[in-house]
Amino acid sequence: MEVKIVKEDDRQVVYITGRVDTVTAPELEKAVAPLLGEIGIKIVFDCTGLEYVSSSGLRVVLGSHKIVVAKGGKFALRGLSREVKSVFDLTGFSKILTIE
Amino acid sequence: MEKKLILLNEISEISKLAGFIEEIGEELSLQPDMVFNLNLVLEEAVSNVILYAYPDGGTQEIHLTAKVCNSALLFVLSDRGVEFDPTQVPDADITLSGEERPIGGLGVYLIRQIMNSVEYKRIDGENVLILSKDL
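Same order as they appear, the protein sequences are chains Y and F.
Just so you know, the working numbering puts 95 at position 95 of the first sequence, and the rest follows in order with no gaps.
Just so you know, the working numbering puts 198 at position 98 of the second sequence, and the rest follows in order with no gaps.
Some hints here could point you the wrong way.
Stated by the list, open to error - Between beta-carbon pairs, the in silico distance windows are:
1) K7(Y) / P202(F): 29 to 35 Å
2) K7(Y) / N216(F): 42 to 48 Å
3) E2(Y) / N216(F): 33 to 39 Å
4) D193(F) / T98(Y): 19 to 25 Å
5) D89(Y) / K116(F): 26 to 32 Å
6) L108(F) / T98(Y): 28 to 34 Å
7) H163(F) / K30(Y): 28 to 34 Å
8) L35(Y) / G225(F): 44 to 50 Å
Said to hold, decoys possible - Okay, derived cross-link-like pairs now, BS3-like style, lysine-lysine, Cα gap no bigger than 27 Å in a straight line:
9) K85(Y) / K116(F)
10) K116(F) / K30(Y)
11) K4(Y) / K30(Y)
12) K4(Y) / K103(F)
Derived from the structure by calculation, the hints contain no laboratory data.
Being a predicted model, the structure only gives us computed values, none of them experimental.
All C-beta atoms in this analysis are idealised placements derived from N, C-alpha and C, irrespective of residue type, glycine included.
Here chain F stands alone, though its shape is the one from the complex:
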């Protein structure tokens, strides 16, 4: 299985991810909680690109590929925005109290918690994020 989705760097594009992952879920007979978690991971990864990768604006494409490889589901997300390596973001401290917890900083944390591996490469001016989940 291999599926591709091209998104633009606009917030409303996030809505397309649910349908994309639903189709994958049906094709691979994934459990609903797995589909939910993968939707969450893709939203966190893609929204980071949409919100921060293109500070100068202008319409840009974000490419997402999903494929099964060695009994793992692999997502490859690529964009030509500013260099950003999510694997270098420090983990959110989830032991803080409600009053101390900062608002935000949870997206990358959720990606790390849910996926089995998160790999980042900068290749020829492209951010390439490879997310893998064991099936």
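Extracted from the complex, chain Y is given alone in its bound form:
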């Protein structure tokens, strides 16, 4: 898994490539942690290169969403493949998260 964070206009875009599983999810959590503390941050996880996600990855996504929203920010996801989207659908995450 690789994580690249790029400021695009007024948003921080987190490009996630590869597999987010039990092994790699802590790396994703660590990479985004410094951003999440900012008041009113606008953040989007770009999942165009995300090949696989397990419940460990979902935990990081939901945890990030909760922190950002609690601090008055906006959290979104984009570029989900059909397979990755199906995991978000199965778990009901598609309904509670903003998917662009």
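Fit chain F to the supplied structure of chain Y, relying on the hints for placement.
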């Protein structure tokens, strides 16, 4: 078809599951979304064992067997860790809002959603989890 994989109770072992299920997918000509879902199920089941079955530590083996039986793909996962029956775990409530949703508790839920049957037995000090997916 029958394939076996022996894993150790270390998180890094999870990475071996992708190759294991890819091989099965090729052999059985499974669709990519099926391979994806089965990888997910195996990761959730195996990570539960790795994370919780051996609280006292020490290197232990986890055995995974995959076989085709009566037009279903069967996974048998066994370990000698503390007794844990995932079929008794209550379903995650997926109707809660983002703020109310607890972080976690989705692994077993995903296994149940994806597989056609999930069976657990405790046999001679072993946890045996039998997961079946219709082909």
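Do the hints match the structure? See the list:
Checked against the hint of 29 to 35 Å, the C-beta distance between K7(Y) and P202(F) comes to roughly 32 Å, which is consistent with it. Between K7(Y) and N216(F) the CB atoms are about 46 Å apart, so this pair conforms to the stated range of 42 to 48 Å. With their beta carbons about 35 Å apart, E2(Y) and N216(F) fall inside the hinted range of 33 to 39 Å. A beta carbon spacing of about 21 Å between D193(F) and T98(Y) agrees with the range 19 to 25 Å that was offered as a hint.
Judged by the Cβ atoms, the range 26 to 32 Å given for D89(Y) and K116(F) holds: they are separated by roughly 28 Å. Against the hinted window of 28 to 34 Å, the Cβ-Cβ separation of L108(F) and T98(Y) comes to about 40 Å, which falls outside the hint. In this structure the hint that H163(F) and K30(Y) lie 28 to 34 Å apart at CB holds, the actual value being about 32 Å. Judged by the Cβ atoms, the range 44 to 50 Å given for L35(Y) and G225(F) holds: they are separated by roughly 47 Å.
At most 27 Å may separate the alpha-carbon atoms for a hinted pair to count; K85(Y) and K116(F) meet this at roughly 24 Å. For the hint pairing K116(F) with K30(Y), the CA-to-CA distance comes to about 23 Å; that is within 27 Å, so the pair holds. Restraint check: the Cα-Cα separation between K4(Y) and K30(Y) comes to about 12 Å, which is no more than 27 Å; the hinted pair holds. Between K4(Y) and K103(F) the CA atoms are separated by roughly 37 Å; this puts the pair beyond 27 Å, and the hint is violated.
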